[in-house]
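Take the two lone chains and join them into the complex the hints point to.
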Amino acid sequence: MKRLKERYGEVLLFNIGAVVVGLILSACMLLFMKLNPIEVYSSAFLKIVTDKYTMGEVLVKSTPLVFTALAFAFTYKANLFNIGAQGQFYAGSIVAITLSLQLGAVLPTGLTILLVLVGSFLAGGIVGALIGFAKARFNANEFLVSMMSTYVVSAVMDYLLRTVLRETKGEYLQTDPIDAKAYLPSILPGTRVHLGTLLAILTAILVWVLLYKTPLGFRIRAVGSNATAAELAGIRSKRIYVIAFLISGGLAGMAGLTEINGVQHMLLQNFNSSIGSFGIGIAILANGHPLGILFASLLFGFMNIMGTTMGRMPGLNIPSSIIDLIEGIVMICVIISYFLRGYVHNRREKQRLRKAGAQK
Amino acid sequence: MAQPVVEIRHVSKYFAKVIANKDVSFTVHQGEVVALLGENGAGKSTIMKILYGLYGADEGEIRIRGEAVHIKSPKDAMSRGVAMIQQHFSLVPTHTVTENIILGNVHGRIAIKEYEEKVKAIAESYGFDVPVDAKVGDLAVGVQQKVEILKALYLNASILIMDEPTAVLTPQESEHLMGFIREFAAKGNCVIFITHKMKEVMEAADRIVIMRSGVVVGDVRKEDTDEAELARLMIGQELTAPVRTQAPERSEAPAVLELKGVSALGPEKTPVLQQVSFSVHAGEIFGIAGVSGNGQDEVCEVICGSRPVTEGEVVYRGEDITRQTIRQRIDGGIGYVPVDRYRDGMIMDMTLAENILLKSSYGGRWTSRGFISQKRLNDYTSQIIRDHQVKATGPSDLARSLSGGNQQKVVLAREIDVGQHLLIFNQPTRGLDMGAVDRIHHTILQEREKGKAVLLVSTELSEIFEMCDRIAIMYKGRIMGIYRNGELNTQEIGLMMAGVAAGKEGQ
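Chains V and S, in that order, give the protein sequences. The first sequence: position 254 = 254 (my numbering), numbered continuously. The second sequence: position 219 = 219 (my numbering), numbered continuously.
Just so you know, the hints here were simulated from the structure itself, not pulled from any lab data. Be a bit skeptical, because a hint or two may be false.
Claimed, not checked - Simulated crosslink set (DSSO-like; lysine-lysine; CA at most 27 Å straight-line):
| id | chain 1 | residue 1 | chain 2 | residue 2 |
| --- | --- | --- | --- | --- |
| 1 | S | Lys49 | S | Lys72 |
| 2 | V | Lys355 | S | Lys391 |
| 3 | S | Lys269 | V | Lys238 |
| 4 | V | Lys355 | S | Lys72 |
| 5 | S | Lys120 | S | Lys135 |
Said to hold, decoys possible - The following label-pair restraints were derived from C-beta to C-beta distances:
| id | chain 1 | residue 1 | chain 2 | residue 2 | range |
| --- | --- | --- | --- | --- | --- |
| 6 | S | Arg386 | V | Gly328 | 51 to 59 Å |
| 7 | S | Gly363 | V | Leu114 | 28 to 36 Å |
| 8 | S | Lys135 | V | Val156 | 46 to 54 Å |
| 9 | V | Leu291 | S | Gly451 | 45 to 53 Å |
| 10 | S | Glu460 | V | Ser274 | 44 to 52 Å |
| 11 | V | Ile201 | S | Arg327 | 34 to 42 Å |
Virtual Cβ for every residue (Gly too), placed ideally from N, Cα, C.
Isolated chain S, as found in the complex (with noise of 0.2 Å):
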């Protein structure tokens, strides 16, 4: 055989408590597409930010071409035609395209119109189209996403690494992209891409590397696997997906939330909601389908307290809550599990016992005389732990020195706790390892039993058909539709998601 474009090593890399990479050989040749599937925290991200040289390596090599690398730099790692399409693009987004493009490589004074040229012939050889001398900050992320491409090609990359690239697109738009994925290998570079979705790695790979906790636990080539095998390698067990029956027409159940014609504006003052109306009853799960950062976010917020609503209102229950304070609408019981756990739903240098305590500081609920009763909180914290099998040692354990998927258990329950009428949940299983989704989803259906309202906010289609009773689609701050799980099929969706109206709006 040829020799190896990439040859990674016995590479390990420990951070401070954990093992990221432990012995992790594999090999990239020519015209290859290898897909790095695993589940979050596998170390697919940190292995290939090895190879782009933000991270040293702790063991092992490097080989690029047969020969033995020392990365110490992205810089580095593009002189050797090494690059990385991140997860978060690293774009200025007040600067025109081909700004960005040439950034951090022209000296002295630019010609701007013969960069702009040279940018729109590659981007043309690929069929992009991309308005070369647009913002960065104007364009759609799918766009965007094409600029760090297009970035990658005029550095002349041959191994181009993708972080879970088709995160932030549209179905369409992943598949024109897998399309280019494609099209670069065949011209005899080879592509890296990180992914966890087992449907991409059928369609795009040629081989497929499995991680799991920090090691490889298979490299086999596509022909000679399904996606059966993929998922008990990526795991190490077997799943069954939990069985949800739809819920019967609940429409004469009372609506605990009423959205009315609510807008609300972002930093900048433009738009982010636009005349959002729906409404959530008893017993049912309402889903909100979307590509991310079209106003979902912004929904979860008004209905929390957290962003003013410019024009209309909020009912809860009958009231108008729309002037309430976040703490009221907590002691009313809205429970909200937050998309960004670091930011918004957890103390990360707190306990697990301070995490549960975080929404119900006041009152007297778990004070006694004015003090914390830290064993009252100890033992139901415990408890909790117990109930939700999270994998912890007890109530005292800093919530940062828990896994993803366990962390967000704790916020679950917790949340659980307080809404005791509606629950609204940001994307709760992103990111998370398919064991934690698993339980997750049991979470949240037990709950809609209990005849609790809920409200669920994901990116993810399969999970908005698996769980959702009713599901709206949102495009730029708006609602597309509002239809009954069934009614549409992927296709309809994603035309929705990239703002083509349907024939029919929603009842």
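So that you can see chain V by itself, here it is in the shape it has in the complex (with noise of 0.2 Å):
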């Protein structure tokens, strides 16, 4: 017990590490634009931690990260790779936007989010079966069915926001907002964080418990570690991808409740098109570990908040872009430290014996 502490005490320390190490980099950007970095940081740190309403845009752009990281960590247990989460959002989405414009005046509040909820997890959860499906039937590369499925589902949310949910206006391609009553229930005055933040930290911890405490979830990591000595023991790994692959991809499309019932309000074009990329590297940042998804979740919500107060600096007009850059350069210096802290801990151990070796 003592050394798992340890253990964690150095991926905390490692991941640290790898920010400060990305954020030093990133600082060269600004001085190349001629910026004082140390001025640039503590002053959008400041900003962050004073303001109440910016330090809960945290927590709103850390939510779908949750979810998407889940999604991949999910069918990464069972050894299994789905590219494809940001795809598996898009069908939630579109099923909550539906659901949500159909009953949210309706319907009591309770009850619309209930059914969204449901409808924006099976709608994932089919789209990632027949991913899983294709896997199992077809012996088909799921890395590239679940990328090549992200391009064919935003097709049709494209084609249907051009068409059936188009805005009575018909200006833009999106649809009208949903009623006030479809709306997650804000939970902190002042901020826009929303109910679906708390509905990430829970499915965090139930997707925990049905990894590591369940029969289902003891399975799917049997089959993840060895799918041979796993059918061996008469479970059938075919089925266990496409179960992984229709709880991973209802994950991914949980996160459209929390995006359009408790942030947009609406469905539009290319809405936050890169929480599927960024929910793969948040996923590997915590080792595929649920509860460490939610740290590293909260991690690049901070940085993503971080970029855009850089971004509102009066005088200073730092690109947007930058901001890009700067979590893209953390996030390779995190997934650097991934292995680094791989190779040290080897050679600690080596170190140990060689000790030993010589008491002998």
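Below is the structure:
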């Protein structure tokens, strides 16, 4: 147990180190723009921690990332790669907006939210299950299929936005706003933080319980670690592929609920177009652990808001592309640190053995 | 004394978590055959892989012909005359013998005929009967090994390392190989062969280096030692063989398992089993002897349900189970200890408790209200650790962290529990140290006493003779005959393992 805690400390240390290195590298970019990075960073940081609304925005940005990261982590445990969380999120969003537009004004809030929750989970889940089925039945490469599925779903979304879902004004490629009765209730006054954030935390815990405390989760992990042995133990790995992808897709679909009913209150073209790919990075950063994902998502939510805050600083003219750049650099540093951690760990074990051997 | 050809001085090698070699030193002289004897995991292969450049040493140095060398890769090693024949051959099955031999050492246009002549000449000089233009994939394992040896000879190797060379050979082929080793050494070369078989050591080696837990525990000339001393050095303690009483005639006991004319196909639709028929009765150990790769694995697979049967039927306790799923058969009480623990038997990245759970995650045995009852599972696993003397700190140890023998004990415990009526053991002691082998043999005999039917596949004749009541010999997917233990001697079984039919067919 003690060693486990040491490991956690180590993980934390490396991740923080990686973020710091990432920020230093990004600082160089700011230097090219003849800006003082320390000044920019510290004023952005101060702005976030002192302003309640901005602080809340961090949580708002983190929320959908939790879902897409959980989606990636879930199939990852079955040794499958679901690269299509973006598409499954869109599928969930389409269902969420449709249900909210149709029923939002009629039904009580709680019921609408519940229906949207189930609907968006199923929508994402079905897209996911189809990928799992292609893998199980035709041995298709789930990596490619899931990646391509995103393009299909977003094309479908575009089509719907141009036809049946288009706003009544017919001006932009977006839907009408949903009725305020269908909003996810705000939970922190003075911010945009909504019930979806709590839902994200709850879902992460549920996913953890499912994976580590139930027979189904055990079977999913068993297939992920050694499919042949699992198969010989009577576990049908093909069925597990479909189940894992179904749940994974459903998790990504749930982000549709939080984004449509919690933040945007409408569906628009290309919205939140990078939460799928960030989800992958977050899941890797958290080593696939559902509870680690909560913290990793928070980190990326924070980075995102820090970027936006920097962009809004008066008189500095920091282009928005630099914000994406910073996020990207930090992500790369985090992933490199993951491998570095393994290397350091190995070396330390070796030295320990050498000492033990010398004493003998 | 003349300068040694190979000098290994104080070499140590650490892997994460284990000491593979600690301060290993020994020498090999010209014309000498050195046997590297030790149990699995003693570090024999590691030290040889260091000499061959596959691993780098963490400490110590290696001298070849007096010169300190730094071998960074097999290519490096070969340029100094060191060649190694691995346990798993590194041949391209779709290439011909000659193509395999010249692989990596030719440039530009290849005059294949010339090379074939050259290879043929080398083969003939050692009396190897190898078709130089045949595809390697079509050759028997014993012949493939000769191709590996030819590859070394072609590169003018003068220091030949062989890792468990007889593991895949019939007794006759082994004898032939030992002859070659002697002949090759007599020409002024040296041979280091890794083994854990005492008999080979006494037959072919001049000197024996014994390793245990990564260190050299003995370095003796053959004349000055005997098998008893070697065994003691190897395992560090005396051993008593388990006493087995031959089971009485069991044919009147009910047949638990019956295979009736079972055939099965392998990849590429080649027949791997042809008309296999036999029965295993309650309270009996039925052995299948044969050189590995002659259909024994497939027999186990059709019984446990992981390989479809194309013809014939599998009858278990009077019921045709040919079309049942693996899970149905597990629930029916068939336990299976597969040959490849790493691939089929365990999940190395999971804990011992989770590995115990593996075959019983369905059904309510380990769950309460839909959740895994971790406490019950841990208690049960702790009990297994105690009862089977598994060297582990507790149920939450990762399977990977255990030694092979201890992993096998866990698999065995699980399968004995699953297999209420029938137990299939596919080479259950392969690669294990003698202490663990002994323990596993005792367990198998105990299960027989409980009246379970036991099917034991083994490539070690000594194990077959020691354990089984009846013995079937397999060759190329067929049963060559079924005999009661004691009806045949090693010579006769050896011939049948090589495909020579005996005078009488099995009953």
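Okay, the hints, checked on the actual structure:
{"no.": "1", "hint": "Lys49(S) with Lys72(S)", "result": "11 Å, holds"}
{"no.": "2", "hint": "Lys355(V) with Lys391(S)", "result": "23 Å, holds"}
{"no.": "3", "hint": "Lys269(S) with Lys238(V)", "result": "23 Å, holds"}
{"no.": "4", "hint": "Lys355(V) with Lys72(S)", "result": "26 Å, holds"}
{"no.": "5", "hint": "Lys120(S) with Lys135(S)", "result": "15 Å, holds"}
{"no.": "6", "hint": "Arg386(S) with Gly328(V): 51 to 59 Å", "result": "54 Å, holds"}
{"no.": "7", "hint": "Gly363(S) with Leu114(V): 28 to 36 Å", "result": "33 Å, holds"}
{"no.": "8", "hint": "Lys135(S) with Val156(V): 46 to 54 Å", "result": "51 Å, holds"}
{"no.": "9", "hint": "Leu291(V) with Gly451(S): 45 to 53 Å", "result": "49 Å, holds"}
{"no.": "10", "hint": "Glu460(S) with Ser274(V): 44 to 52 Å", "result": "60 Å, violated"}
{"no.": "11", "hint": "Ile201(V) with Arg327(S): 34 to 42 Å", "result": "37 Å, holds"}
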